[in-house]
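Given these sequences and hints, build the entire structure.
For any residue, its number in our numbering is found by taking its place in the sequence shown, counting from 1, and adding 6.
For the record, the hints were derived by calculation from the structure and aren't laboratory data.
Hints are not guaranteed to be accurate.
Said to hold, decoys possible - Result set (DSS-like, lysine-lysine): computed pairs, CA atoms no more than 27 Å apart in a straight line: (1) 209 x 59; (2) 211 x 22; (3) 59 x 83; (4) 150 x 211; (5) 209 x 198; (6) 206 x 22; (7) 59 x 211; (8) 198 x 211; (9) 150 x 59; (10) 22 x 150; (11) 206 x 150; (12) 150 x 209; (13) 211 x 78; (14) 150 x 198; (15) 150 x 83; (16) 59 x 22; (17) 78 x 22; (18) 78 x 198; (19) 202 x 59; (20) 59 x 206; (21) 198 x 59; (22) 150 x 202; (23) 78 x 59.
Being a predicted model, the structure only gives us computed values, none of them experimental.
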Amino acid sequence: METKGILSGIYRVSEKVMLIAYINILWIMFSLLGLVIFGIMPATAAMFAVIRKQIIEEEQVPIFSLFWNKYKEEFVKANLFGYLLLIVGTILWLDVVFFQSMHGMPYTIMSFLAAGGLLVFLIVVLYILPLYVHYDLRFFNYIKTGFLLAFSYPIHTAIMIASGVVIYFILLVLPGSLLFFSGSLYSFIILKTAFKVFSKVEKQKGLEGGRHFGSYSI
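Here is the structure:
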């Protein structure tokens, strides 16, 4: 009986690993379909949506059809949303570069502040992507809610960051795994961790599904 349980557990884990690898291949394919520039944003949104449905919520859905439908559905919105985030991140990064190129204590202080702002923004983005596929909010509410969650649940945030570092070094050591796990594995961890946070907040606020999640303060 114990052996059967172990084998069943191994099978479930193997199945999830195969699903994550398949989803990653779809993510790469659909990113290329949009010539990367216009494809990576909707492909990423579709990847998060599929991981949410198929792996986290464990709904049996046709993966390719769901990915393709989400890709088409989110093509314009995800590109606008993604490039707005990219613009914000680029401005923060240019601030860091500018202040670091200047001399003097005031500029040194400003460069540290700008670098801190960029770091905070990148941390908030970890929550924005799961929020995007799970809740219907306005653009700035995604940023505000992501900020509140990131610093209200520091342990979960630390797990996301640490997982990203570990996966980065694994991919460096095993570059052949890029095809299968370069995006989907970390997306799975981010979603899994973020959904635990969402569940805590929804229970705390008495929400179910939380379509008006962004109107609540943490």
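Which constraints among the numbered hints does this structure fail? Numbers only, ascending.
2, 10, 13
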